[in-house]
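Visitor: Sequence:
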Amino acid sequence: MTFSEGGQFEGGRVRKGGGGRRGAVVGGGIGAIVVALLAVFLGGGDLGQLTGALGGAVQDAGAPAGDGQEQYVDDCTAQQANDDRECRLSATVQSLDAYWGRVLPEQAGVEYALPPVESFSGSTTTGCGAATSATGPFYCPPDRTVYVDVSFFDELSTQFGAQGGPLAEEYVVAHEVGHHVEQLVGAMDAADRGGTGPESDSVRIELMADCLAGMWAGSAATEVDPDTGLTFLEPISPAQLRQALDAAATVGDDHIQQQATGRISPESFTHGTSEQRVRWFTVGYEGGTMDDCDALSARTL
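Sequential numbering of the sequence shown, starting at 1, is according to the working numbering.
Just so you know, the hints here were simulated from the structure itself, not pulled from any lab data. For every residue, glycine included, the Cβ atom is placed at its ideal position computed from N, Cα and C. Be aware that one or more of the hints could be misleading.
[Stated by the list, open to error] Label-pair restraints from in silico Cβ distances:
1. 221 - 294: 21 to 31 Å
2. 292 - 195: 16 to 26 Å
3. 263 - 6: 43 to 53 Å
4. 262 - 151: 35 to 45 Å
Could you put the whole structure together from the sequences, leaning on the hints where they help?
Guide: Structure representation (structure tokens):
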């Protein structure tokens, strides 16, 4: 998705580098799924020991990680957001801020608290423990922060076989912010995120976040930046939509398991199949509401 010509995005919204708080386990990222599956299928590991990493069910167990001066992504133009990944991350987050700041009170009666967002490289410390680039983008419930190493977007293509593209990257960010929305409405606390399997709450929480990401994507081209009076993004082209749907399919449990181990084991699902992830994103994208996205209450997934 292309940011509208003339758009301007203030700096200071996305933190750069390390930070956060130390804790017991790493919150669930896409890369962590692969690590867990390899441990279970190739190394004989116990998936139950890894559900904290997969589902983000973690404990806050420490003090702030360092007292260095924090740095932030600078101001960006729309052109820079279209060309540079850190600028794109910052601009996407600001679009999500505007969207959920309007929609969450309207549909859920809950005020939207902006989640901190960190762009890190290599490794960082969080309320969910130490994270590396291999973890993939993730949301950490204890510190309510979204963590993204933008180099992951190259891995999405090279390691997972996704087509890539700006909207695919923005979908990943919107999915993680979707977890923050779940936190604010109580879905995270209501879910049993320690379980696995095709009907588990772990899968339901992920499909709900896909649907919430779809809601944003379906409205992003009409959401107006209050600072500029311009829409954040231009309308999504069919090719861009295909890239986002491809990204959703690429991170399905069945696709990742097949790639990593050569077989599919539904009892270990934590994020949903490729078909489910595409379908739930599409529900949100095609005008779905938060009620439509409530996968925790859905009779069928």
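Visitor: Is 35 to 45 Å respected by the C-beta to C-beta distance linking residue 262 and residue 151?
Guide: About 27 Å separates the Cβ atoms of residue 262 and residue 151, which means 35 to 45 Å is violated.
Visitor: Does the hinted range 21 to 31 Å hold for residue 221 and residue 294 at CB?
Guide: With a Cβ separation near 25 Å, residue 221 and residue 294 satisfy 21 to 31 Å, so the hint holds.
Visitor: Between residue 292 and residue 195, does the beta-carbon spacing fit 16 to 26 Å?
Guide: Since residue 292 and residue 195 have Cβ atoms about 24 Å apart, the given range 16 to 26 Å holds.
Visitor: Taking the Cβ atom of residue 263 and the Cβ atom of residue 6, is their distance within the range 43 to 53 Å?
Guide: holds, 51 Å
Checked against the numbered hints above, the structure breaks only hint 4 and satisfies the rest.
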